[in-house]
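S.K.: Chain X is already provided as a structure; the job is to place chain B on it using the hints.
So the sequence lines, in the order shown, correspond to chains X and B.
Numbering-wise (our numbering), the first sequence opens with residue 1 and increments by one.
Numbering-wise (our numbering), the second sequence opens with residue 1 and increments by one.
Keep in mind that a hint or two might mislead.
Okay, derived cross-link-like pairs now, DMTMM-like style, lysine to aspartate or glutamate, Cα gap no bigger than 20 Å in a straight line [stated by the list, open to error]:
no.	chain 1	residue 1	chain 2	residue 2
1	B	243	B	48
2	X	240	B	132
3	B	36	B	48
4	B	372	X	69
5	B	372	X	67
6	B	285	B	65
7	B	76	B	289
8	B	194	B	375
9	X	240	B	34
10	B	376	X	69
11	B	265	B	132
12	B	376	X	197
13	X	240	B	159
14	B	279	B	48
15	X	240	B	54
16	X	240	B	35
Keep in mind the hints are simulated off the structure, nothing from the lab.
Residue strings, one per chain:
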Amino acid sequence: MRTNSRKTFLSREQRLGLWFISPWLIGFVLLTLYPILATLYLSFTDYRVLSPPRWVGWANYRELLLDTENFWPSLGNTVFFFLELPLALILGLALALLLNQKLRGMTIYRTLFYLPSIVPVVANAMLWLWLLNPEHGLVNTGLRAVYIPAPAWLASPLWAKPALIVMDLWAVGGSMVIYLAALQGVPTSLYEAADLDGANAFQKLVSVTLPAISPVIFFNLIMGVIGTFQYFTQTFVMTKGGPDKATLFYALYLYQNAFQYFRMGAACAMAWLLFLVTLAATFLVFKTSAGWVYYEGER
Amino acid sequence: MWSGGEEKAFQAVLDRYNETHPGVRFENLGSVNDEKTVRALVAGAPPDVFTVSDPSYLGALAANDAILPLDDLFGKSHLKTDDFTRASLSQARYNGKLYAMPYLVDCIGLLWNKKVFREAGLDPERPPQTIEELEEFCRKITRHGSDGRLTRIGLRPPDGVNLLALYGGGFFEPATGRMTANNPRNIEAATAFKALMDAQGGYEAVQGFAAGFANEQGGYNSFYVGQAGMAFTGQWNTYWIAKYKPDTEYGVAPLPYPAAHPERKGTLWLGGNFFCIPKESRHPKEAWDFLVWTQSLEAQRLLADSLHGVPNIRAALKLRSLREGEPWRVSFGKFMDLSDSSNATHFPPMPVAALYLSEINSAIEAVGYGRKTPEKSLSDTQERVQREMDRYR
Numbered sequence: 001m002r003t004n005s006r007k008t009f010l011s012r013e014q015r016l017g018l019w020f021i022s023p024w025l026i027g028f029v030l031l032t033l034y035p036i037l038a039t040l041y042l043s044f045t046d047y048r049v050l051s052p053p054r055w056v057g058w059a060n061y062r063e064l065l066l067d068t069e070n071f072w073p074s075l076g077n078t079v080f081f082f083l084e085l086p087l088a089l090i091l092g093l094a095l096a097l098l099l100n101q102k103l104r105g106m107t108i109y110r111t112l113f114y115l116p117s118i119v120p121v122v123a124n125a126m127l128w129l130w131l132l133n134p135e136h137g138l139v140n141t142g143l144r145a146v147y148i149p150a151p152a153w154l155a156s157p158l159w160a161k162p163a164l165i166v167m168d169l170w171a172v173g174g175s176m177v178i179y180l181a182a183l184q185g186v187p188t189s190l191y192e193a194a195d196l197d198g199a200n201a202f203q204k205l206v207s208v209t210l211p212a213i214s215p216v217i218f219f220n221l222i223m224g225v226i227g228t229f230q231y232f233t234q235t236f237v238m239t240k241g242g243p244d245k246a247t248l249f250y251a252l253y254l255y256q257n258a259f260q261y262f263r264m265g266a267a268c269a270m271a272w273l274l275f276l277v278t279l280a281a282t283f284l285v286f287k288t289s290a291g292w293v294y295y296e297g298e299r
Numbered sequence: 001m002w003s004g005g006e007e008k009a010f011q012a013v014l015d016r017y018n019e020t021h022p023g024v025r026f027e028n029l030g031s032v033n034d035e036k037t038v039r040a041l042v043a044g045a046p047p048d049v050f051t052v053s054d055p056s057y058l059g060a061l062a063a064n065d066a067i068l069p070l071d072d073l074f075g076k077s078h079l080k081t082d083d084f085t086r087a088s089l090s091q092a093r094y095n096g097k098l099y100a101m102p103y104l105v106d107c108i109g110l111l112w113n114k115k116v117f118r119e120a121g122l123d124p125e126r127p128p129q130t131i132e133e134l135e136e137f138c139r140k141i142t143r144h145g146s147d148g149r150l151t152r153i154g155l156r157p158p159d160g161v162n163l164l165a166l167y168g169g170g171f172f173e174p175a176t177g178r179m180t181a182n183n184p185r186n187i188e189a190a191t192a193f194k195a196l197m198d199a200q201g202g203y204e205a206v207q208g209f210a211a212g213f214a215n216e217q218g219g220y221n222s223f224y225v226g227q228a229g230m231a232f233t234g235q236w237n238t239y240w241i242a243k244y245k246p247d248t249e250y251g252v253a254p255l256p257y258p259a260a261h262p263e264r265k266g267t268l269w270l271g272g273n274f275f276c277i278p279k280e281s282r283h284p285k286e287a288w289d290f291l292v293w294t295q296s297l298e299a300q301r302l303l304a305d306s307l308h309g310v311p312n313i314r315a316a317l318k319l320r321s322l323r324e325g326e327p328w329r330v331s332f333g334k335f336m337d338l339s340d341s342s343n344a345t346h347f348p349p350m351p352v353a354a355l356y357l358s359e360i361n362s363a364i365e366a367v368g369y370g371r372k373t374p375e376k377s378l379s380d381t382q383e384r385v386q387r388e389m390d391r392y393r
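The shape of chain X in the complex, shown without the other chains (with noise of 0.2 Å):
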């Protein structure tokens, strides 16, 4: 016979668990989870934020996807700055392997290269466009100093792109940082072993040091993905998506539908559109992964 006829649902330790993490999960689901599911209805309707949402099916996406004057480009825009990602990959980690040498001063170093990564993302974007700016900045008048031609930069539909590339590799140091804990984390051990088998620096470094860091790379890869889809500060302080829209990335014409056409309806639908593409983008990303990834708990 049993004793405990009344079976509960949840255990008394469980009951425990939830009512201690409860400020939290009310939290979140008042103000993280039902913004979201609202934003998904909110995507179907005319939602002109003055009055009443409207329901009218596909036709927020729909028109959307049509768009080549604004929805297409503001993507092309932001998948064009996919360029940076490679580059910051490249520098962040060549910079960590500058600075895990062992000399004298290098922890000064190391400050130097990160503390471009703490200046706050619109105090950066102020002093950037002082130095590029096209008359007076520092970077024209270095390039004039060795006569090469100055561009208008942020003035300049061609050279707008590149220079918030630019500037934001300056900040490369919060990505340097993880390889650079990565790096100190490599066992010696791998190093002496490949040493007595007589490989050279640059083999050492596509045989060990590379497939032993490769979770830190594939890290920094997938919040740069992530990140890239969202970029937004910048250009919102900076250029306002020109000149010609050159700057019109994804994430500011979704806040200028949103916050200043009134069209909210199609600003929900292009974040879910983005959440799509992102998703997309990280699943691949994690497809190919297992085929260059290392972990060294499995196996």
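M.R.: Chain B alone, transformed into the frame defined by chain X:
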């Protein structure tokens, strides 16, 4: 709405009302912008009365029934349509109904720098009359340094929408609900914009040069220091010049007109500030009483004197205290005279105004950079904005 020193000036005007009207008290919420106001309205926590600084919000607020139509209240008050400058009240009307009370109108005309004119061999007392002449003057004023870079341009690059206004093609036909972005006049205007920029070394070079301009509010304003010989800009400059760079020699004129369309002579572009009463205001009557007071000579004078916008009440335009005394007030008076010109015009209030304005400026930019022809660029705008407007019908 207003911030910094302007907020204090606005507060002083409110204080005056509170002092003279016992029993009611208006409090100004600092650092509010139009976007925040919209959020307060959506959240069901509207203020009793609010001010809009970007007229492009008015149409959306009116079309979505977020603000109170004022026609009945206006009819019962002592205010008359004829008391107002024409283009100040028409900015506050949507679909035939009155939705706001204007105050502190912004009036965009042509400012020319007389010293720059002399250096270019132009008559310093004669501004360009036509757009063709403007282009010629631009060519004469523009200077390049020894390395080929611009050191001076004729006209500071104007907003695309201002240029369209000069040709009178209009933006919208209220009767049919049709946009007119790509009508022939507007295409002429876009073509003229490109010609104007080409006369000064091309749009990209001009934009690069203009990126080096200092903040407009201050002594290094590109027009005050002569980096640009002319500018389409507003009445606030008369006060700023007196304050920041009083030795600037300048004149005030209406915007130039196309030689082929002489009826456009005397064009001015207006913007401004507006008071609205939310539909869910808890004190609509008191709010309206305050709005009526803002149209009194006393309030109009106080506002114009402290915040340097043009009054919208005709009688206030004649106030001698606003146009005599310090030398800059003479130029300010010129703006006041122009603001009631029959060709004073503005963007029509409509729910899609923000999108439309942004699309027009993008379209003109695409023409300036040579990415699109004027026809193609404005037809794209037409199609995009018409599609959006059709959702409101």
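S.K.: If a hint holds in the structure, say so; if it doesn't, say that too.
M.R.: To see whether the hints hold, each was checked on the structure:
Restraint check for residue 243 (chain B) and residue 48 (chain B): not satisfied, since their Cα atoms lie roughly 36 Å apart, outside the 20 Å limit. Between residue 240 (chain X) and residue 132 (chain B) the CA atoms are separated by roughly 32 Å; this puts the pair beyond 20 Å, and the hint is violated. A hinted pair counts as satisfied when its Cα atoms are at most 20 Å apart, and residue 36 (chain B) with residue 48 (chain B) qualifies at roughly 15 Å. With a C-alpha separation of about 12 Å, the suggested pair residue 372 (chain B) and residue 69 (chain X) falls inside the 20 Å cut-off, and the hint holds.
As the CA atoms of residue 372 (chain B) and residue 67 (chain X) are separated by approximately 17 Å, the hinted pair is consistent with the 20 Å bound. Annotation: proposed proximity of residue 285 (chain B) to residue 65 (chain B) holds, straight-line Cα distance about 18 Å (limit 20 Å). At most 20 Å may separate the alpha-carbon atoms for a hinted pair to count; residue 76 (chain B) and residue 289 (chain B) meet this at roughly 11 Å. Under the criterion of a C-alpha separation no larger than 20 Å, the hint pairing residue 194 (chain B) with residue 375 (chain B) is consistent with the structure, at around 13 Å.
A hinted pair counts as satisfied when its Cα atoms are at most 20 Å apart, and residue 240 (chain X) with residue 34 (chain B) qualifies at roughly 18 Å. At most 20 Å may separate the alpha-carbon atoms for a hinted pair to count; residue 376 (chain B) and residue 69 (chain X) meet this at roughly 12 Å. Proximity of residue 265 (chain B) to residue 132 (chain B) is assessed by CA-CA distance (about 13 Å); at most 20 Å being required, the pair is judged to hold. Between residue 376 (chain B) and residue 197 (chain X) the CA atoms are separated by roughly 68 Å; this puts the pair beyond 20 Å, and the hint is violated.
Taken as a hint, the residue 240 (chain X) and residue 159 (chain B) pair is honoured in the structure, with Cα atoms around 15 Å apart against an allowance of 20 Å. For a cut-off of 20 Å, the pair hint linking residue 279 (chain B) to residue 48 (chain B) stands: about 9 Å separates their Cα positions. Note on residue 240 (chain X) and residue 54 (chain B): the hinted pairing holds, with a Cα-Cα distance of about 17 Å set against a maximum of 20 Å. A distance of roughly 17 Å separates the Cα atoms of residue 240 (chain X) and residue 35 (chain B); the hinted pair therefore holds under the 20 Å criterion.
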